[in-house]
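Dock chain B against the given chain A, drawing on the hints supplied.
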Amino acid sequence: MANAKSLTVLAVCGSGVVSSSMISQKLEEILSPLGVKVSVTGLLPTSVQSYVDRGGIDFVVTTSPIPGTINVPVIKGIALLTGFGEDECIEEIKKVAKEVLAKKAA
Amino acid sequence: MAGVVIDEKLIELGLSAPTREQAIKVLADKLYALDYVKDGYYENVIKREQEFPTGLPSAIPVAVCHTEAQYVKQSALVVATLAHPIGFREMGTPEREVQSEIIFLIALKDSKQQVPWLKKMARVFKDRVVLEKIKQSTSKTELTEYLIQLFAPE
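Chains as they are written, first to last, in the working numbering: chain A, 1 to 106; chain B, 1001 to 1154.
So that you can see chain A by itself, here it is in the shape it has in the complex (with noise of 0.2 angstroms):
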């Protein structure tokens, strides 16, 4: 990756849009205040498999369980749409993100 300070992230949801537009405005809250800056695509849980596999995705929050295997972090979005365990969420967000970072840099 050109920039260590970077990070593409698939948010997906049964629409791919409705619920995924929501959590993408909360990665980019969360993120930037760590310098992160992060680019979200919006995405069916049914196209996550194929497109993870094509490389290029640090990780994955979802409002849908997703089929198939997904070989990067997969973390539960729904708290950030209802506000219920929305630190432990946010805490996730920023563990996984630093540690993809930190694995980027190395």
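Hints were generated in silico from the structure; no laboratory data involved.
Some clues are possibly wrong.
Now the in silico label distances, taken between C-beta atoms and shown as ranges [stated by the list, open to error]:
1. 1007/B - 103/A: 48 to 58 angstroms
2. 91/A - 1152/B: 31 to 41 angstroms
3. 47/A - 1050/B: 12 to 22 angstroms
We put the beta carbon where it would ideally sit given N, CA and C, even for glycine.
Chain B only, in chain A's frame:
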């Protein structure tokens, strides 16, 4: 109209329906009456609800039913408060059910253009005060005005 229509005609207060399908039917009919959606809209909402449930265990449980853009002629938001909670399967955890007290039926013609609007919508679910105010509404006019304010561009 480019925006998302919020209108008294798209509000239902104290809706009493035995099933979620029947509740959604009442709300979808409001969109048909205004010619905002195409044939098959209701069936598609139901189908999607089965595949991708939209019950949210928010501060006050809600359901955020929606469908693909192809069935929508004019973007609009339908809101219903319920006389009795209705069970909706939970988004992301379909084996669980939430007892929703408010239904938001979101009809979006071009969801990508509505991203700023969706971000405002996301704030509504997390705000108990806002949800409580919607739930306690007794006037369609007042609720409509309140919703317009909530979704006003910044």
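So, going through the hints one by one against the coordinates:
no.	hint	result
1	1007/B - 103/A: 48 to 58 angstroms	holds, 51 angstroms
2	91/A - 1152/B: 31 to 41 angstroms	holds, 33 angstroms
3	47/A - 1050/B: 12 to 22 angstroms	holds, 19 angstroms
In summary, this structure violates none of the numbered hints.
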